[in-house]
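Peer 1: Protein chains in written order, with the working numbering: chain W, 1 to 580; chain V, 1001 to 1199.
Source of the hints: derived by calculation from the structure; they are not laboratory data. A virtual CB, placed ideally from N, CA and C, is assigned to each residue, including glycine. A portion of the hints provided could be inaccurate.
Pairs of lysine-lysine residues, derived as DSBU-like cross-links and limited to a Cα-Cα distance of at most 35 angstroms, are as follows [stated by the list, open to error]:
1) V/LYS1175 - W/LYS298
2) W/LYS506 - V/LYS1191
3) W/LYS188 - W/LYS2
4) W/LYS315 - V/LYS1059
Sample of chain V residues at the chain W side, in silico, Cβ under 7 angstroms [claimed, not checked]:
5) GLY1068
6) PRO1086
7) ASP1170
8) SER1171
9) LYS1175
10) LEU1177
11) ALA1178
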Amino acid sequence: MKRLMTGNQAIARGAFEAGVTVASAYPGTPSTEIIETMATYPEIYAEWSTNEKVALEVGIGASIGGARALVAMKHVGVNVAADPLFTFSYTGVNGGLVLVSAGDPGMHSSQNEQDNRNYAKFAKIPVLEPSDSQECKDFVLLAFQLSEQFDTPVMVRTTTRVAHGQSLVTLGERQEGLLKDYEKNPPKYVMLPGYGRQRHPVVEDRRKALAAYNETAPVNRIEWGDKRIGVITSGVVYQYVKEALPEASVLKLGMTFPLPQQLIKDFAGQVEKLYVIEELEPFLEEQIRAWGIEVVGKELFPRIGELSPELIGAKLGDWQQEAAVAAEVPNRPPVLCPGCPHRGVYYVINRLKLTVSGDIGCYTLGATPPLSAMDTCICMGASISGALGLEKARGKEFARKLVAVIGDSTFLHSGITGLLDVVYNGGTFTTLILDNSTTAMTGHQEHPGTGCRVDHTPAPAVDLEQLVRSLGVKRVRTVDPYDLAEVERVLKEETAAEEASVVIAKRPCVLLKGHQPTGGPVRVDESLCTECGRCRRLGCPALVFKTAKPSVDTTLCNGCGQCVQVCRFNALVKEGEAND
Amino acid sequence: MTKVMNILLVGVGGQGTVLASKVLGQVALSLGQEVKVAEIHGMSQRGGSVVTQVRYGEKVYAPTIPLGKADVILAFEKMEALRWLPYLKKGGRVIVNDQELDPMPVIVGSVSYPEKVIEQLAVHGQVTVVPALQLAEEAGNAKATNVVLLGVLAQSLGIEPEIWRQVLADSVPPKTLAVNKKAFELGLNYKAEDVSSVS
Ligand SMILES: Cc1ncc(C[n+]2csc(CCOP(=O)(O)OP(=O)(O)O)c2C)c(N)n1
């Protein structure tokens, strides 16, 4: 019986069948469901780690300890984990280790679209690129075998369409009892310069051995067709090529580093015109070109965004389509949910005209109109350290109107070190931690502050206020973000102080079970509305404006009452409350 | 190559397109054919424009439906049907919930909600307009709008209703089953007049 599975579920299933006993990750679209699925197998220890570097190091420890370990993260997570990755490439493994890197061409849910195959080449580790869910499972199984055979971590690289695409998968049995012996072996695992020098030649030999293996690896295949067009491709793009160019000859590469030079040369020699079709960087193309093989690639296909069958078909085939011309339709960008505790905080920030050094999470949506309340957003954790740089560039006066805004999960991921730097180096701006008791953006994952682990068992919850104090911050206040007057008063006082301060806005995400506001939707008293437009500046999707006066979409409004506080004329009324 | 059935589900994050595509995917699986589903998780789910693609047939390659190749667009919101219309094949079917949800640029007043949406859809396809929100409320919960729409979709795919009912029962939380069952039947039995081409 075949099952319909996402690539992420299939990766987890592959790891399960490969006998993995330790799995770690930090959430990030499109990788998140891998660990969520791993956590449903009782045979496997799975964890949400505090960040990707920690996740990989947990995996490395497990591998050295003899277990098979899977580590998963989104593409930018590998930036965070790059330090251990590069040196773990030197030490190699004991139990197999597979690192899943989930890329996001087209940036559906990401801040950049870096092509992580370059990491595999940079770190000198093999990378496998599955093109559907069955391959996700099969390639993970193979990756563990290769990891142990060649003594190397192996990267499995997916992209959004593979990770979140569903297709059919045949399940297999789990391999058990694979735990290897642990032996102390400093020359292999203690990377002092002297030992590192001994390991580097091993890494280079391994790279050559892997390239030789790849010449006949089962994950590469040639599908001969019309020899006038030959296409080299990998990952989901293979599917697009088959759909757009059913007649063409195709070399589908499953392992895209290190590349099989002879296989590619032979294929190239038998087709009239050779194309490399790949998303994002000319990763295959540049290596193939370097061997003196003539090939067409990025001069024809974009380096930006996702490819598609119609794009490939239009360039190379006789693709027919009769699509309607796109009508002018207003954008529908994502927005903060009705009742979101982040909303009112941004409203206050706007009132106080603060510069916001921002960060990544649902609260980044405060950057979009009408709130438009964020100045910068670079990467997780950059809000606090970036604000310190802003202050050092522009002086203490500037810091009186400067806040760093960061979510609870992001603060624990990489904000703590930045805040310590602020204390150490005398920063005086205010850090605002938006603590909604979850990692909301990626679908509500637990973290060290929620009191729960990935499998929903209880865990110690870090006390943010105490944590921040222990870093040396003396001014620490906690506010309810639903109380807009209080938020305003506290933010005014704390930004005015010429000393590092932290304000924790604490209220659980409205989408969490048991935390929806009680009471019915807000009501509009039209006779009191002066059409001043203040409530409109909250950007709540439940307040709609068919005229200049608001009306409430009762299917969306959950009665959080933030708009009621914003209205100066009592025209917005909480059900069951009088309007005076 | 044999025919691949292409169905595009479009709507607004939070409207339940993910559950609907899950049900549709499982229903298609019962035909014993290859099934692929593509959806986007993450940021856009927060009230943004969302799309899920379901494809089934003897052999399916791409998980995504190419432009101009969708047999059916099932739209949970009116304007979203218009946004994704270029994916519809000429003469394809659009099943559209008559609900309007203002996106933020409309709420802030920088643009207005498009007019004559149904007429614009009808130029390119056969349109079925469904008061899905009302029917869901009739079934007992506005949240069952997605299941009403699945019921209407079930009318035109030629797959046994019993299969839909079974998959639905396996897919929704047990305590919402009664409402969802009712919502599905209301959709399945809904008789809409096709809006014929106005051109
Ligand atoms: C290095 C890195 N890892 C993961 C992500 C994906 N990601 C973006 S924001 C975020 C966490 C959001 O949680 P929180 O800070 O609590 O804010 P919330 O969404 O709950 O408002 C995650 C996991 C990322 N962008 N970069």
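Peer 1: Quick check: which numbered hints come out false for this structure?
Peer 2: 1, 2, 3, 7, 8, 9, 10 and 11
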